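*Asks:* Chain by chain, the residues:
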Amino acid sequence: MLFSQLINELKKGDAGLVDYEISNDPDVSVAASLEKVITNQISFLDKDSPLNLRNCIKSTQASILLLPSNDLEIIEIARNSNFAWASLKEPKIGFAETLNILYPPDLVVEGIHKTAVIANGVQIGFGVSIGPNVYIGNNSQIGNETIIHAGVVIYQKVKIGNKNVIHANSVIHSETVLKDECVINSNAVIGSEGFGFVSTPKGWKKMPQIGHVILENKVEIGSCTTVDRPSVGQTVIGEDTKIDNLVQIGHGASIGKGCAMAAQVGLAGGVEIGNSVILAGQVGVTNKVKVGDGVIASSKCGIHTDIEPGNVVSGFPAISNKLWLRCSATFKKLPDLVKAIRELERKSSR
Amino acid sequence: MLFSQLINELKKGDAGLVDYEISNDPDVSVAASLEKVITNQISFLDKDSPLNLRNCIKSTQASILLLPSNDLEIIEIARNSNFAWASLKEPKIGFAETLNILYPPDLVVEGIHKTAVIANGVQIGFGVSIGPNVYIGNNSQIGNETIIHAGVVIYQKVKIGNKNVIHANSVIHSETVLKDECVINSNAVIGSEGFGFVSTPKGWKKMPQIGHVILENKVEIGSCTTVDRPSVGQTVIGEDTKIDNLVQIGHGASIGKGCAMAAQVGLAGGVEIGNSVILAGQVGVTNKVKVGDGVIASSKCGIHTDIEPGNVVSGFPAISNKLWLRCSATFKKLPDLVKAIRELERKSSR
Amino acid sequence: MLFSQLINELKKGDAGLVDYEISNDPDVSVAASLEKVITNQISFLDKDSPLNLRNCIKSTQASILLLPSNDLEIIEIARNSNFAWASLKEPKIGFAETLNILYPPDLVVEGIHKTAVIANGVQIGFGVSIGPNVYIGNNSQIGNETIIHAGVVIYQKVKIGNKNVIHANSVIHSETVLKDECVINSNAVIGSEGFGFVSTPKGWKKMPQIGHVILENKVEIGSCTTVDRPSVGQTVIGEDTKIDNLVQIGHGASIGKGCAMAAQVGLAGGVEIGNSVILAGQVGVTNKVKVGDGVIASSKCGIHTDIEPGNVVSGFPAISNKLWLRCSATFKKLPDLVKAIRELERKSSR
Numbered sequence: 132m133l134f135s136q137l138i139n140e141l142k143k144g145d146a147g148l149v150d151y152e153i154s155n156d157p158d159v160s161v162a163a164s165l166e167k168v169i170t171n172q173i174s175f176l177d178k179d180s181p182l183n184l185r186n187c188i189k190s191t192q193a194s195i196l197l198l199p200s201n202d203l204e205i206i207e208i209a210r211n212s213n214f215a216w217a218s219l220k221e222p223k224i225g226f227a228e229t230l231n232i233l234y235p236p237d238l239v240v241e242g243i244h245k246t247a248v249i250a251n252g253v254q255i256g257f258g259v260s261i262g263p264n265v266y267i268g269n270n271s272q273i274g275n276e277t278i279i280h281a282g283v284v285i286y287q288k289v290k291i292g293n294k295n296v297i298h299a300n301s302v303i304h305s306e307t308v309l310k311d312e313c314v315i316n317s318n319a320v321i322g323s324e325g326f327g328f329v330s331t332p333k334g335w336k337k338m339p340q341i342g343h344v345i346l347e348n349k350v351e352i353g354s355c356t357t358v359d360r361p362s363v364g365q366t367v368i369g370e371d372t373k374i375d376n377l378v379q380i381g382h383g384a385s386i387g388k389g390c391a392m393a394a395q396v397g398l399a400g401g402v403e404i405g406n407s408v409i410l411a412g413q414v415g416v417t418n419k420v421k422v423g424d425g426v427i428a429s430s431k432c433g434i435h436t437d438i439e440p441g442n443v444v445s446g447f448p449a450i451s452n453k454l455w456l457r458c459s460a461t462f463k464k465l466p467d468l469v470k471a472i473r474e475l476e477r478k479s480s481r
Numbered sequence: 132m133l134f135s136q137l138i139n140e141l142k143k144g145d146a147g148l149v150d151y152e153i154s155n156d157p158d159v160s161v162a163a164s165l166e167k168v169i170t171n172q173i174s175f176l177d178k179d180s181p182l183n184l185r186n187c188i189k190s191t192q193a194s195i196l197l198l199p200s201n202d203l204e205i206i207e208i209a210r211n212s213n214f215a216w217a218s219l220k221e222p223k224i225g226f227a228e229t230l231n232i233l234y235p236p237d238l239v240v241e242g243i244h245k246t247a248v249i250a251n252g253v254q255i256g257f258g259v260s261i262g263p264n265v266y267i268g269n270n271s272q273i274g275n276e277t278i279i280h281a282g283v284v285i286y287q288k289v290k291i292g293n294k295n296v297i298h299a300n301s302v303i304h305s306e307t308v309l310k311d312e313c314v315i316n317s318n319a320v321i322g323s324e325g326f327g328f329v330s331t332p333k334g335w336k337k338m339p340q341i342g343h344v345i346l347e348n349k350v351e352i353g354s355c356t357t358v359d360r361p362s363v364g365q366t367v368i369g370e371d372t373k374i375d376n377l378v379q380i381g382h383g384a385s386i387g388k389g390c391a392m393a394a395q396v397g398l399a400g401g402v403e404i405g406n407s408v409i410l411a412g413q414v415g416v417t418n419k420v421k422v423g424d425g426v427i428a429s430s431k432c433g434i435h436t437d438i439e440p441g442n443v444v445s446g447f448p449a450i451s452n453k454l455w456l457r458c459s460a461t462f463k464k465l466p467d468l469v470k471a472i473r474e475l476e477r478k479s480s481r
Numbered sequence: 132m133l134f135s136q137l138i139n140e141l142k143k144g145d146a147g148l149v150d151y152e153i154s155n156d157p158d159v160s161v162a163a164s165l166e167k168v169i170t171n172q173i174s175f176l177d178k179d180s181p182l183n184l185r186n187c188i189k190s191t192q193a194s195i196l197l198l199p200s201n202d203l204e205i206i207e208i209a210r211n212s213n214f215a216w217a218s219l220k221e222p223k224i225g226f227a228e229t230l231n232i233l234y235p236p237d238l239v240v241e242g243i244h245k246t247a248v249i250a251n252g253v254q255i256g257f258g259v260s261i262g263p264n265v266y267i268g269n270n271s272q273i274g275n276e277t278i279i280h281a282g283v284v285i286y287q288k289v290k291i292g293n294k295n296v297i298h299a300n301s302v303i304h305s306e307t308v309l310k311d312e313c314v315i316n317s318n319a320v321i322g323s324e325g326f327g328f329v330s331t332p333k334g335w336k337k338m339p340q341i342g343h344v345i346l347e348n349k350v351e352i353g354s355c356t357t358v359d360r361p362s363v364g365q366t367v368i369g370e371d372t373k374i375d376n377l378v379q380i381g382h383g384a385s386i387g388k389g390c391a392m393a394a395q396v397g398l399a400g401g402v403e404i405g406n407s408v409i410l411a412g413q414v415g416v417t418n419k420v421k422v423g424d425g426v427i428a429s430s431k432c433g434i435h436t437d438i439e440p441g442n443v444v445s446g447f448p449a450i451s452n453k454l455w456l457r458c459s460a461t462f463k464k465l466p467d468l469v470k471a472i473r474e475l476e477r478k479s480s481r
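Chains as they are written, first to last, in the working numbering: chain V, 132 to 481; chain H, 132 to 481; chain E, 132 to 481.
Source of the hints: derived by calculation from the structure; they are not laboratory data. A portion of the hints provided could be inaccurate.
The list treats identical chains as one, so a pair stands whether inside a single copy or across any two.
List of simulated lysine-lysine pairs, DSS-like, C-alpha gap at most 30 Å [as the list claims (entries may be wrong)]:
hint, residue 1, residue 2
1, Lys333, Lys388
2, Lys419, Lys167
3, Lys178, Lys388
4, Lys178, Lys245
5, Lys421, Lys290
6, Lys421, Lys142
7, Lys478, Lys245
8, Lys337, Lys464
9, Lys288, Lys189
10, Lys310, Lys463
11, Lys189, Lys463
12, Lys178, Lys453
13, Lys142, Lys245
Remember, predicted model here, so these are calculated numbers, not experimental data.
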């Protein structure tokens with residue numbers, strides 16, 4: 132694609148094009164990271180990038196660069212260089228738009244593969260693609276333009292809306308609801324029965340898990356992530372919430388809109404997560420705990436008690452991130468502190 | 132179902148029916164949580180519930196409630212209300228029994244789906260259901276009334292007993308033994324080769340993993356949970372032990388009866404877990420460590436050394452829960468302690 | 132197999148046979164652990180084994196034992212016993228070689244199962260085995276003697292080399308490259324899209340993940356482990372690196388040769404791991420962090436900052452293992468330290 136064509140696309144996009152220099156209007160078809168970009172490729176520098184990345188600009192071989200419009204030093208370097216460039220308010224968004232143009236998603240053949248098994252009473256919309264060896268159980272519904280990859284198993288009475296993508300070998304249990312434009316990655320499990328057992332003198336008695344899971348619009352679920360159904364009621368994941376790989380969402384959890392949860396996060400049963408909450412990798416939340424809107428929890432954090440909206444928390448048990456940083460720094464000095472105390476005790480007993 | 136019919140069932144059950152008031156004998160078909168229950172639905176209050184749940188009783192719209200017989204204040208409220216109610220020694224067990232009546236498990240059609248692939252020498256009992264696209268390897272055995280859902284892969288020489296349920300796309304490796312009434316949830320992997328490599332000057336040499344996995348009666352395995360086979364001998368999970376999603380059971384682990392392990396627990400190779408052990412979410416146990424009967428480990432606990440029976444442990448490395456609570460509370464005050472020590476040093480050096 | 136035959140094989144192997152005593156040349160077909168070995172079985176004692184294992188030698192019923200040649204006390208016991216034995220420089224390697232002889236891998240029937248679905252333009256080498264219900268997408272390549280078990284899904288343009296083994300129901304996404312002799316365990320996912328979203332006023336914008344994953348020779352990937360593709364460039368796992376179950380490898384991670392990562396490790400996006408790095412269970416590494424050659428991180432360690440080559444680290448945030456052991460030991464005494472400080476304050480204020 133010619134750079135001049137890309138500029139036209141960026142003008143229509145959300146990245147906020149501010150300025151550009153077309154130079155010799157290079158023709159690129161490959162995108163790369165700033166550290167690895169070579170001639171005939173395009174890359175970008177994000178706002179507030181660290182020094183080592185900013186320094187790459189001085190010696191880059193890139194043919195095109197997307198740059199942060201507020202970084203005057205970088206723009207000055209660009210003006211004195213040979214590469215073509217555009218400055219944008221949001222260069223990372225511009226790069227995402229560029230990738231979508233350079234690498235359009237592979238066309239998936241519409242239609243139902245002959246090896247797919249469709250049970251009774253299944254409703255299938257138009258433009259649907261159902262891959263090889265898929266199984267869809269009784270009375271499930273598949274909305275328009277939804278893509279179901281090979282080996283997926285959908286139990287009965289599942290309701291799947293429009294424009295969802297369900298990757299290979301994932302499993303969706305009965306009565307689960309997917310609204311529109313969700314992505315389920317490979318080997319994920321949605322709607323499996325929650326972990327509910329009651330202790331009795333005869334051993335564990337299973338609490339039947341007859342509730343179901345609802346994924347609102349634009350939810351994405353990572354590979355090998357599990358979302359459990361509750362005994363009664365619903366497990367709900369709010370619109371535009373993104374969940375990474377190997378995450379556990381316990382039965383009856385309620386998650387708001389626009390959250391992001393990194394890999395290996397674990398939410399126990401009945402937790403309530405607000406909107407725009409960000410949980411970093413390996414965070415755990417204890418059952419029935421409430422996490423307020425906009426909370427950020429750093430990696431490996433263990434949240435045992437309710438967290439008020441807007442807090443940034445760390446550690447286990449979770450405390451304010453600022454306090455945790457100071458406490459952790461002190462933790463390494465514990466042996467020295469013991470020495471200091473012993474010394475004081477010696478002096479005071481004299 | 133009419134409440135009077137439910138009362139008859141509860142009399143036969145294990146929940147210990149003490150008293151009841153049929154009122155207008157409501158007819159319900161939906162169960163809900165106490166916070167969300169509405170007219171024409173049934174819910175329950177468990178023993179020792181927190182105040183916010185107990186308060187729900189005063190204004191509930193439920194038509195039927197199962198209540199704790201030892202909670203006289205609640206029973207008194209019930210007597211003065213319009214809803215029908217039953218008081219039980221174990222209301223949670225009563226609710227589980229109610230769910231089983233209101234929502235009987237979906238009938239699974241018996242028989243072998245025409246797309247299932249059954250290899251040579253496979254023995255299949257009566258009343259077995261084998262779903263679409265299942266594969267069963269040579270010389271495996273499937274006991275009576277076992278249900279195998281779509282996409283399951285069973286390698287060769289696997290022995291599966293009676294009344295097991297194996298959910299979609301899970302994988303059972305060769306020579307694994309499942310006794311009776313086990314549940315394997317979707318995308319679980321049982322009997323994969325243990326992580327055994329010996330360091331040599333030429334690189335890692337693989338230790339062959341030719342042992343196998345045994346699941347005793349009534350074991351349940353969560354979605355995307357992995358149970359490894361050992362190099363020699365067995366990995367054993369004892370009767371009535373319940374394991375949640377995304378758990379790792381290392382090669383040669385030995386787990387007793389009636390345990391419960393929450394999501395994302397990891398047991399390294401060769402650990403020995405006693406009976407009735409409870410491990411909360413994200414707990415880790417180091418290889419070959421022994422955990423005694425009845426031990427409870429709180430979430431994210433890291434168990435590096437043997438734990439004596441009956442202990443409640445927390446933290447990393449694991450210590451007594453009571454001590455850990457005190458130490459964690461002090462951890463947040465570390466910066467203050469440093470200040471106090473510096474102040475003492477100033478005074479003493481005067 | 133007669134012991135004399137095994138001795139001939141061990142002479143050709145890598146375990147360094149030093150001495151042996153054939154006794155009555157026992158014929159064994161079963162291997163077992165030293166704690167459980169009985170008559171007509173073979174077992175081994177590794178170098179530097181703990182006392183309880185070494186003591187097993189005195190009363191063992193084993194018919195054959197492989198022993199560490201540098202352990203003169205053990206060899207002395209062997210000389211005065213009835214069992215046949217061999218002493219080796221590396222008895223564990225000898226045991227691995229023995230297992231390979233006693234339990235040769237099951238022969239997999241070559242050929243493509245009739246239920247496998249092979250799309251257009253797929254190249255398949257000789258000696259390949261493709262199991263039931265496998266799907267291979269357009270233009271993928273499968274090298275010689277590769278074994279693909281039942282239910283595996285391979286997307287398009289995947290390049291798989293020679294002598295790979297891909298276990299049941301795992302998923303390999305488009306453009307992934309597997310060199311030779313890799314093992315992918317069941318339900319693993321290789322090449323799924325990385326977790327890349329840009330925050331915008333309209334919600335999360337997805338960063339397209341159009342890079343791909345490369346597994347060099349002899350890489351092994353555990354069950355339910357996920358390896359993500361990056362937005363641009365590659366996620367690379369180096370030769371002979373072994374990865375256990377339920378591990379997350381983030382997009383754009385670069386892992387060196389000969390590493391080992393235990394179960395439930397999580398690497399965030401863009402981390403750079405050197406050669407011969409060992410990460411124990413549940414370790415987490417923050418995005419873009421560099422971990423030098425030969426680093427060892429103990430279980431549950433949280434690595435937030437670059438680690439220099441050769442370090443042994445522990446804790447969260449990770450510090451030197453030696454320091455961490457001392458700090459952890461002090462952590463349990465925090466309440467006592469507070470008391471000591473309060474006492475000092477009382478004295479000093481008098």
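*Asks:* Look at each hint and say if it fits the structure.
*Replies:* Hints, verified against the model:
no.: 1; hint: Lys333 to Lys388; verdict: between (42 Å within a copy, 12 Å between copies)
no.: 2; hint: Lys419 to Lys167; verdict: between (46 Å within a copy, 15 Å between copies)
no.: 3; hint: Lys178 to Lys388; verdict: within (26 Å within a copy, 34 Å between copies)
no.: 4; hint: Lys178 to Lys245; verdict: neither (49 Å within a copy, 54 Å between copies)
no.: 5; hint: Lys421 to Lys290; verdict: within (29 Å within a copy, 44 Å between copies)
no.: 6; hint: Lys421 to Lys142; verdict: neither (42 Å within a copy, 38 Å between copies)
no.: 7; hint: Lys478 to Lys245; verdict: neither (87 Å within a copy, 86 Å between copies)
no.: 8; hint: Lys337 to Lys464; verdict: neither (48 Å within a copy, 42 Å between copies)
no.: 9; hint: Lys288 to Lys189; verdict: neither (59 Å within a copy, 36 Å between copies)
no.: 10; hint: Lys310 to Lys463; verdict: neither (49 Å within a copy, 44 Å between copies)
no.: 11; hint: Lys189 to Lys463; verdict: neither (40 Å within a copy, 46 Å between copies)
no.: 12; hint: Lys178 to Lys453; verdict: within (24 Å within a copy, 40 Å between copies)
no.: 13; hint: Lys142 to Lys245; verdict: neither (44 Å within a copy, 52 Å between copies)
Consistency with the previously given hints fails for numbers 4, 6, 7, 8, 9, 10, 11 and 13, ordered from lowest to highest.
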